[in-house]
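**Student:** Just need the whole structure built from these sequences, with the hints factored in.
Chains as they are written, first to last, in my numbering: chain A, 1 to 311; chain B, 1 to 258.
Fair warning: there could be bad hints in the mix.
To be verified - Incomplete in silico selection of chain B near chain A, CB under 10 Å: (1) Leu62; (2) Ile88; (3) Phe96; (4) Phe99; (5) Asn100; (6) Arg136; (7) Val185.
As the list claims (entries may be wrong) - Partner residues aside, some chain B positions facing chain A, computed with beta carbon under 8 Å: (8) Ser21; (9) Pro65; (10) Thr79; (11) Val83; (12) Arg90; (13) Ile94; (14) His104; (15) Met166; (16) Gln167; (17) Phe237.
Said to hold, decoys possible - Residues from chain A that keep clear of chain B, each with C-beta distances beyond 12 Å, as calculated: (18) Phe53; (19) Ala66; (20) Ile89; (21) Thr125; (22) Ala191; (23) Ala194; (24) Leu197; (25) Gln212; (26) Leu268.
No lab work stands behind these hints, which were simulated from the structure alone. Computed from a predicted model, the values in this text were never measured in an experiment. Ideal placement from N, C-alpha and C gives every residue a C-beta, glycine not left out.
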Amino acid sequence: MTALGGPDRPDRGGLAGLPGSRARRRREERASALRSTLVALVSTVVVFGAIAFVAVSSPGWSAVQASFLDGSIFASSLPDIASAFLVNIELFLVSEALILVLALLLAVARSSTAPVLFPVRLMATIYVDVFRALPGVLVIYILGFGIPGLNLPGVPTDPFPYAVFALTLIYSAYVSEVYRAGIASVHPSQAAAARSLGLTQAQALRHVVLPQAIRRVVPPLLNDFIGLQKDTVLVSYIGVVEIFRQSQIIEAANFNFTPYLAVALVFLVVTIPLARLTDWLIAREARRGLGGSGRSAQAANALSRGGQAAP
Amino acid sequence: MTTAVPAPPTAMPALRVEGVSKSFGALEVLRGIDLEVAEHEVIALIGASGSGKSTLLRCINLLEPVDEGRILIGGEEITARRVNVDRIRRRVGIVFQSFNLFPHMRVIDNVTLAPRHVAKRPKAEAEADAMRLLERFGLADKASQLPDRLSGGQQQRVAIVRALAMQPDLLLLDEVTSALDPELVAEVLSVIRELAAGGMTMLLATHEMGFARDIASRVCFLDAGRILEQGPPAQIFAEPREARTRQFLNRIIEAGRL
Chain A
1 MTALGGPDRP DRGGLAGLPG SRARRRREER ASALRSTLVA LVSTVVVFGA IAFVAVSSPG
61 WSAVQASFLD GSIFASSLPD IASAFLVNIE LFLVSEALIL VLALLLAVAR SSTAPVLFPV
121 RLMATIYVDV FRALPGVLVI YILGFGIPGL NLPGVPTDPF PYAVFALTLI YSAYVSEVYR
181 AGIASVHPSQ AAAARSLGLT QAQALRHVVL PQAIRRVVPP LLNDFIGLQK DTVLVSYIGV
241 VEIFRQSQII EAANFNFTPY LAVALVFLVV TIPLARLTDW LIAREARRGL GGSGRSAQAA
301 NALSRGGQAA P
Chain B
1 MTTAVPAPPT AMPALRVEGV SKSFGALEVL RGIDLEVAEH EVIALIGASG SGKSTLLRCI
61 NLLEPVDEGR ILIGGEEITA RRVNVDRIRR RVGIVFQSFN LFPHMRVIDN VTLAPRHVAK
121 RPKAEAEADA MRLLERFGLA DKASQLPDRL SGGQQQRVAI VRALAMQPDL LLLDEVTSAL
181 DPELVAEVLS VIRELAAGGM TMLLATHEMG FARDIASRVC FLDAGRILEQ GPPAQIFAEP
241 REARTRQFLN RIIEAGRL
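**Tutor:** What follows is the structure, given as structure tokens:
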């Protein structure tokens, strides 16, 4: 890109006694960049063309086309699918709020050092180990069918709360590890500075360590939430009529798989912007270099000094 | 300019360190430190890196527990068991080599954090006091900036203001100019000079020998975890008694730092 769009700087090649060499080098760089772009374009067309050709010319193509790419079924199923997706959004938002809180508690418990809190640390560690070890679908099955099966008075029979419960339990284990990494990344000198001012351990955590830790882990948190967003379809197994269950219902009614493609499209539309946002946040964080100590500040000072020193 | 005023023997020392030892694993960092600091005294701790200056300051602030010995502040033993650590720390301010400002808080919030949440003062009052302090040290226009927008010298001055905001009886300064570019050292030293003139009791670990000579009422030379020699700056710098002190100072002079 720089070779193509680079600013035309005044030619200072005269120093070397070769006035034309700089211009010639720029021309050569431009030509080489153009060549690279063309090669990439041709290679892309060839590869994807070949894949499309293999699919379209396969013996089963017409059957697949009829059962997966039916335009009229796509159009007629989309409204139902879109409204079922509201259930996924609700699952996602409720679980996410609960996960953010439970995971933070777990991370703080695991990051504690006081001897008296050992049992709390132990429980948090066991929790995180267990729920990272179990396949999510198993947790959803066991909770979704097991708890209502107890027939306890007052226990809901609607699967939605169990879906939220299961997703919260599963994801809190992962998210707590993200938080914990964030807490560990705040330099101990920050807590020491807070403690030296008379803040208690809890106050130092609340006002100094956690705000910095959470800021740093926003991108990986968003990454986990992209996963959560997709995993909301797993609760279809315990009877929540969300987007995937809805598409199965339409599929069964029409003997046609096109609704799944509609589901795929909905997820792409929702998830890709979130992924882009995550990458953008990571890039912004890297640019800012929000560090824990004077280190980044000195780097920033050095940079600004360098900027001033440049002619 | 403060001069060494020998404390009358009956006066309660601001700080008293008795036989303090501290090890990190097998490494003995402090080996029986005895030190008495009277109110309004400015003590400079000098010595090679690793001689125990920083560790001594961190012990006085209870950031490190001592292994042996006692530390008393204003007559109260702070190394006693069951002492309220947080209450002690309010009386002892410390400023670190690497500033350790809170990067996510504006300057004013860095300064008011402890007054608001430790001393439980109302926000408006704490901020008014903080602004007065920032103004006194030429930082009023930086109040609403984040620390990383400030130069190293400004950051260190904010760190000093942050420590002063709790109105400590004793201020510990741990090589506060070591991380600064040479042209930024003077502004920080002038702040310390002003504090000394105002009668603040200070204990400073420093490599700025010229500054120590100017400002200190007493200089302590630390070597391998012991105070090998102490006395008025004129004596320590001009006619040190100990061979190790002479050796250390000669190296400093060779390096052009004195």
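**Student:** Hint by hint, note whether the structure agrees.
**Tutor:** A quick look at each hint next to the structure:
Given the 10 Å rule on beta carbons, the hint for B:Leu62 holds: about 9 Å separates it from the nearest Cβ of chain A. The restraint placing B:Ile88 at the interface with chain A holds, with a minimum CB-CB distance near 8 Å, inside the 10 Å limit. For B:Phe96, the suggested interface contact is upheld, since its CB lies about 7 Å from the closest CB of chain A, less than 10 Å. At a threshold of 10 Å, the smallest CB-CB gap from B:Phe99 to chain A is about 4 Å, leaving the interface hint in force.
Because the smallest distance between the Cβ of B:Asn100 and any Cβ of chain A comes to about 4 Å, under 10 Å, the interface hint for this residue holds. Residue-level restraint check for B:Arg136 is violated (minimum Cβ-Cβ distance to chain A is 19 Å; threshold 10 Å). Checking B:Val185 against chain A: minimum C-beta separation of about 14 Å lies over 10 Å; hint violated. Here the hint on B:Ser21 is broken, as its CB sits about 21 Å from the closest CB of chain A, past 8 Å.
The beta carbon of B:Pro65 is not positioned within 8 Å of any beta carbon in chain A (closest approach about 13 Å), and the interface hint is therefore violated. A least Cβ separation of about 16 Å between B:Thr79 and chain A goes past the 8 Å threshold, and the interface hint is therefore violated. Given hint, B:Val83 at the interface with chain A, is violated; its Cβ is 13 Å from that chain's nearest Cβ, farther than 8 Å. The interface hint given for B:Arg90 holds, since its Cβ lies 4 Å from the closest Cβ of chain A, which is under the 8 Å cut-off.
With 8 Å as the threshold, the beta carbon of B:Ile94 comes within range of chain A, its nearest partner Cβ sitting at about 5 Å, so the hint holds. Taken as an interface hint, B:His104 checks out: its beta carbon lies about 5 Å from the nearest beta carbon of chain A, inside 8 Å. Hint on B:Met166 holds. Least Cβ distance to chain A is approximately 6 Å, under the 8 Å limit. Given hint, B:Gln167 at the interface with chain A, is violated; its Cβ is 11 Å from that chain's nearest Cβ, farther than 8 Å.
Interface restraint check: B:Phe237 against chain A, minimum CB-CB distance 30 Å, threshold 8 Å, status violated. Every CB of chain B lies more than 12 Å from the CB of A:Phe53, the least distance being 55 Å, so the non-interface label holds. Against the 12 Å criterion, A:Ala66 stays outside the reach of chain B, whose nearest CB is about 58 Å from its own CB. A:Ile89, annotated as away from the interface, keeps every beta carbon of chain B farther than 12 Å; the closest lies near 31 Å.
The claim that A:Thr125 lies off the interface holds: its Cβ sits roughly 27 Å from the closest Cβ of chain B, which is beyond the 12 Å cut-off. The claim that A:Ala191 is not at the interface with chain B is violated, since a C-beta of that chain comes within 12 Å of its own (minimum 10 Å). The claim that A:Ala194 lies off the interface is violated: its Cβ sits roughly 8 Å from the closest Cβ of chain B, which falls inside the 12 Å cut-off. In this structure A:Leu197 is not separated from chain B by more than 12 Å, as the shortest Cβ-Cβ distance comes to only about 4 Å.
A:Gln212, annotated as away from the interface, has a beta carbon of chain B within 12 Å; the closest lies near 5 Å. In this structure A:Leu268 is separated from chain B by more than 12 Å, as the shortest Cβ-Cβ distance comes to about 35 Å.
In the structure shown, a violation is registered for the earlier hints numbered 6, 7, 8, 9, 10, 11, 16, 17, 22, 23, 24 and 25, in ascending order.
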